[in-house]
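Protein chains in written order, with the working numbering: chain A, 1 to 301; chain B, 1 to 364.
It is possible that some hints are incorrect.
What the hints assert, rightly or not - Computed Cβ-Cβ distance ranges for the label pairs, DEER-style:
| no. | chain 1 | residue 1 | chain 2 | residue 2 | range |
| --- | --- | --- | --- | --- | --- |
| 1 | A | E136 | B | L314 | 25 to 35 Å |
| 2 | A | G42 | B | G310 | 44 to 54 Å |
| 3 | B | P316 | A | E85 | 37 to 47 Å |
Unchecked claim - Derived, one-sided and incomplete: chain B residues facing chain A with beta-carbon distance under 8 Å:
| no. | residue |
| --- | --- |
| 4 | E163 |
| 5 | L215 |
| 6 | L219 |
| 7 | A222 |
| 8 | Q224 |
| 9 | T225 |
| 10 | G227 |
| 11 | P240 |
Think of the hints as simulated: they come from the structure by calculation, not from any bench.
Yeah, the Cβ is synthetic: ideal placement off N, Cα and C, and Gly gets one too.
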Amino acid sequence: MSRPPDASPDPPPSREVGERLARNRARPVVLSIRSLEKRYEGSDGSFLALRGLHLDVRHREFICVIGRSGCGKSTLIRIIAGLEEPTGGEILLDGKAVHGPGPERGMVFQAYTLFPWLTVRGNVVFGLKMAGAERERAEYEAMRWIDLVGLGGFANHYPDQLSGGMKQRVAIARALASRPRILLMDEPFGALDSQTRTRMQGYLLKICRRVDVTVVFITHDLDEAIFLADRVVVLPPRPGPVQHVMDVPLPRPRRREHLLDPTFIRARRHLDAFIHEDEPDDEPEVPVHGLADEVRDVLEF
Amino acid sequence: MAASSPRVPWFVVGRGLPPRRASALMALAFVLPLALWGAVSYVPWIWHPMVEVVEAGATGLQEGKQYGKSDFQAANASAALEGREPAAGRPANPVFLPAPHEVARGLYRVFTEPPQLRDDIWFHESVGHSLRVIFWGFFWSCALGVPLGLLAGTFAVVARLVEPPIDFIRYMPAPVFGALMVAVFGLADAPKVAIIFIGTFFQMVLIVANTTRRLDRSLLEAAQTLGASRRQLVRHVIVPGVLPQLYTDLRILLGWAWTYLIVAELIGAKSGVTAYIAQQGRYFNFDLVYAAIIVIGVIGLVTDQILQHGARVLFPWQRGEAGPVTRTVWSWVALVPRGVMGLVRRLRPGPLSPVSGRVDVAAS
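The following block holds chain B by itself, in its conformation from the complex:
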């Protein structure tokens, strides 16, 4: 790589990177934190502020438990003073920082280990529950917020009527409605859905209204000189005109919905992934806690990537809209079939090879 691009500087204001360098940096962005985590976990003299007792001796410390370094040394010192057998221990990290391999095992355990108590739920059940709450909250938010936002962005009358109260409400943190929603909707999922709705709806109306107002006004004028009526302007110019940006807005608001999920799951009866994670934290199963967090992150990333890719399919007139993550991920995905094809070609020397050979010649 150094040989291929000796002259290209690394820091250039306002310009992209060569593709190979870009994807190398992307990989590094994942590998570096992992390496740091690994170093802290596996190299005994880095951090490790605790001591895990291997053999208690006659110190009164408990085997398998963790103690602060100074406490451990104090116990051993007093034991030595009184001629008792000292304890043996090895340096350890606090229980809230499991090593990478433990979390990796946790990613398996989180799906296979049955719940500790009969009333507890499986992890995948808790994820399913969370997704349901998000879906319905966001669904109602879109169903009401998008049309209202479009109307407010199109007609000043609606904007004047609707936006001031919404501006007032949106600065109230969604959690303050928790008790109220439970009182109104009871203890089941309905108040949780309502919290997600409250968290996203008011923002959505304002954002969609703003997006609508940002539509190029000259397009509306052009349509008017082509004879479009008021209704036709909305249907044939405003709606298709704002659609791509609206899609992006909703993608970002979906991220907000995930944020409000925590609040929603804490009110009334704890539920969903929040309940699962809280439960495992109480059992000190931090490997499972991290595994659960990672699964949530992966779900979020995958959804977002799918939605980003969907935008390119849905709005073909907008080219080159994909962000850096999308581009790299899809270039990696594109490598898979190429690799598979290469393998197939190599493994099957039969009737395929002359064809592929001819193709190679033609290509070169």
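Just chain A, same shape as in the assembly:
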């Protein structure tokens, strides 16, 4: 694992946190990524998106994957979901190689992707219907998931009648209704405003406490990653093995106050060094040309 020279060592976890992390490490591996490679062949040569990627995700872990834009985060999660085939390496779920998409790997997309012609209930029932569940049983199950995400009163609404946050809750309920072994989330809150995003993070953690599920969560927001995750995985800016894995030294359940905790801030600074490594510190000074004199006076003042 390479490490930038100015990065401080991993922040030390408290005893309580250390015990929880140790318990996590003792759990069985659910998802195993083995020397994954993805190369896109285009008309103007090939483009390497991922190379030599290894990662193990343990049962009931919450993993956040971060990295600079264009580092292949989305490609990674799409390959895990089976929406794209890797050009090398393999994905093991419970020790068995997987090919193509399947309901045991649920996915929540940034763009909601709810079926507009189905009601909230219809959307959540969808996966159960595909699996051939009996209709009444499926509707009953679906309502439980809808209640879990707090949308019991909206079961008969169409997606177009819901706000962005509500749509994403439906998408989460829809993915969970198929009882996936692992829940894949591709920047699910990226399109939401910051207040809604904060609320959604709380919802998600609450849901994960009550549901037996393992989560791989892609984000570019460091605060979000630290706030949600047990472990934060940093992908390298150029294709290569995982650059860094950080155990988040915060206790659970997470609370908003943790964002101001010195531990949190240290963890954030620690990750910052990876993400913003060898980027210029300050923007170069741009001379103010072509502005009217009055404006320049104001600016200089």
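Chain A is fixed; fit chain B onto it per the hints.
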């Protein structure tokens, strides 16, 4: 109106109009051409290039017939020169432009006047015949074109196989198949149905395939991560996903079918409204010709409005899809029951009035 909206500008880029102004403009769109038509028909010094002879005198012109202004004057001039009695006439429009009231009377006559010859058909029979031809042509077109289009839009294999020949054929004008279809199907309705089919089928396959391809691909991906098999993807995602747009496509293609109706009715034995209109044109009954054209237009408009309204009933998740014409027409239709209720309330002072009075108080 001027007082209610003094500040709202008339020309705003990319924005709608206040509802009252919108429906006023809609009404104007009908009234203005009518007014223009009326002016040309009833004001003698506007246009009127012909002269209808009222009294022939000794000019040799025929009474009741129309002549060009210069011919009429030349005839009168030569009559005056030879001391014969001149003709009297009044300005008239050419026979192909009847006045509004004549066309209005034509709208009645077109249904009541029996056919001139024993072999001729009534107007409503001709309309019925045309509708039958359109229905069957469009029916077969949909029955084959929609599934094929869906398959071509879903599976690249089908698209590669089916689309090139269709692309080739669709640029051939449907009329070129006329003689062939008559040879194959004989002189009855079958070749006419075939022409409508040819005119719409090939376009339909390509349009439906395109509509299918435009379906949001991420919906397919989402369904796959929920465990949908290939067959389930088609049945539970592609079909319901394209349905609203497919409906609109078919509505537009139905308009195409009407266009090809003319061609279809001209091949083999002339039939339907085309035959009726051609016949009346030969008798110079242009009021009936216009009446027939208007009836066809009304049939088209009413069908389209019904279909547009049907879309809102069929696809409740799509709101605010109605076009400007639909919205105005339905707002007018909605006025009718309100007006009727108002009348009823006013005409019946009995037991109803205290109730309605209470409602009014509650409402205010």
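Which hints, by number, does the structure contradict?
4, 5
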